[in-house]
Every structure is written in structure tokens, then in C-alpha cells.
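Q: This is what each chain is made of:
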Amino acid sequence: AQSVTQLGSHVSVSEGALVLLRCNYSSSVPPYLFWYVQYPNQGLQLLLKYTSAATLVKGINGFEAEFKKSETSFHLTKPSAHMSDAAEYFCAVRTGGATNKLIFGTGTLLAVQP
Amino acid sequence: DAGITQSPRHKVTETGTPVTLRCHQTENHRYMYWYRQDPGHGLRLIHYSYGVKDTDKGEVSDGYSVSRSKTEDFLLTLESATSSQTSVYFCAISAEAGKKEFEETQYFGPGTRLLVL
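Going down the list, the protein sequences come from chains A and B.
Just so we're aligned, residue 1 is where the first sequence starts under my numbering, counting upward by one.
Just so we're aligned, residue 1 is where the second sequence starts under my numbering, counting upward by one.
Since the hints were made in silico from the structure, they are not lab data.
Since the structure is predicted, the reported quantities are computational estimates derived from the model, not experimental observations.
Ideal placement from N, C-alpha and C gives every residue a C-beta, glycine not left out.
Certain hints may be false.
What the hints assert, rightly or not - Below, a sample of chain B positions facing chain A; criterion: calculated Cβ distance under 8 Å: (1) T13; (2) G16; (3) G42; (4) L43; (5) L45; (6) Y48; (7) Y50; (8) Y64; (9) F90; (10) S94; (11) Q106; (12) G109; (13) G111.
Based on the sequences and whatever the hints tell you, model everything.
A: Structure representation (C-alpha cells):
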């Protein structure tokens, strides 16, 4: 069975600092992994995804994530935080099969301090 | 942006009343999903649909039913609303594998905020 663990429900960084949001997964099949962002009172927006191609995936808004099979991790990073990055971030793993179901982590709320 | 709308966007109801939430898509995608979002739980799948009249349960389906009579509409019904169903409900869609437009991504609607008093 697939599962996702996001370490740290709240992360606070200073503007201009490195952003690191952690995601570890468990999957019985080669995983497809996703990061979504949710701004206040909005739906989820895809940031980036890993689908077994390049292990370093670049997404929107300067974010990237690296798939590390040996560590079962898919951590999200951004070199320099901006105030507009304040949001909740969700990691998700596809469960496999044709129905494209996703299992989500519990989310990490990112605060960016001026 | 994927063409997904949800209605209503906000609703307040009383315990014991039935409630129906609607998800409408203009992408002609085969798969549609209903999630609920609660603090500390992330998003949890309630029900999903893999075609017209074809639906299945997710991990938190108790107290909910769904219907899909047209490709574009997926309805979520709370048979008799309870306070534990106060939540934010999201609809999502994805395309069918093997189709030209297929990709693995689920696209989300704007959500419906439901308060059950």
C-alpha cells in the first residue's frame, strides 16, 4: 500500500532563506509523486510531479524536488523564499492502476517572515 | 486552469438535513473525485468516479453517496448531515490513461466550505 509522510506541519523561514519541505513515501510499485500548493481559501495547484523520468524535477515558482529512491524521499526545495510562498504544501503519491487515485500527506504550512 | 466549478461555494446547514454538492467540469475527463480537507488530515478521498454511472468508495465514504449521470457532473450527497461532516470539500478530475490528453495529474476545483450546525 502507498503512503506519504510529511515531516513538520509548520515550517517558518525568513524571506530570502532556503525552503526545505520534507516528504517521505512508501510504495509497493514505482511511485508517481506530486507536490501541490494551496493558498488561503483556494483549491490545490500542482507545483511539480515525478513520473519516473528525471530524478530532479523543476516546478513552478522556482521550486524543485529530487526523487531519492534509496531514501524514499521527495523533498521540496526553493533556494530563496519569497513572501508570496506562504501557503500550505501537500505531497501526494499515486496509488497505481488506471484510476489515478492519490494518497496525500497531512500538509506543511509554510510561513515566510520578513 | 482546468475548467472545474463547484457549487455552492459556501453552505451552512443543520444536523440531520440532506445536502448535495455539485462538481462540474468542462474538460471531458473520465475520472472525477471528491475529497474532504480537515486540519491535521490533509485531503482524504470520499468517493470517485471512473465513468458515467461508475463510482466507487474512497477511504472516508461513510455517510456520503455520489452520482454521476453525465460526464461533466459529479454530485456528492450527505444523506443526513452531521457536525463531523463540517469540512472543506474539493472535487478533482483527471484524464484517462491511453488518451491523447492523459497525464497523471489531478486538477482541483475551488472547494466548498460546509458548516453543519
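Q: Evaluate each hint against the coordinates.
A: Comparing the hints with the structure gives:
no. : hint : result
1   : T13  : violated (20 Å)
2   : G16  : violated (28 Å)
3   : G42  : holds (4 Å)
4   : L43  : holds (4 Å)
5   : L45  : holds (6 Å)
6   : Y48  : holds (6 Å)
7   : Y50  : holds (6 Å)
8   : Y64  : violated (16 Å)
9   : F90  : holds (6 Å)
10  : S94  : holds (4 Å)
11  : Q106 : holds (6 Å)
12  : G109 : holds (6 Å)
13  : G111 : holds (5 Å)
When each numbered hint is compared with the structure, violations occur for hints 1, 2 and 8.
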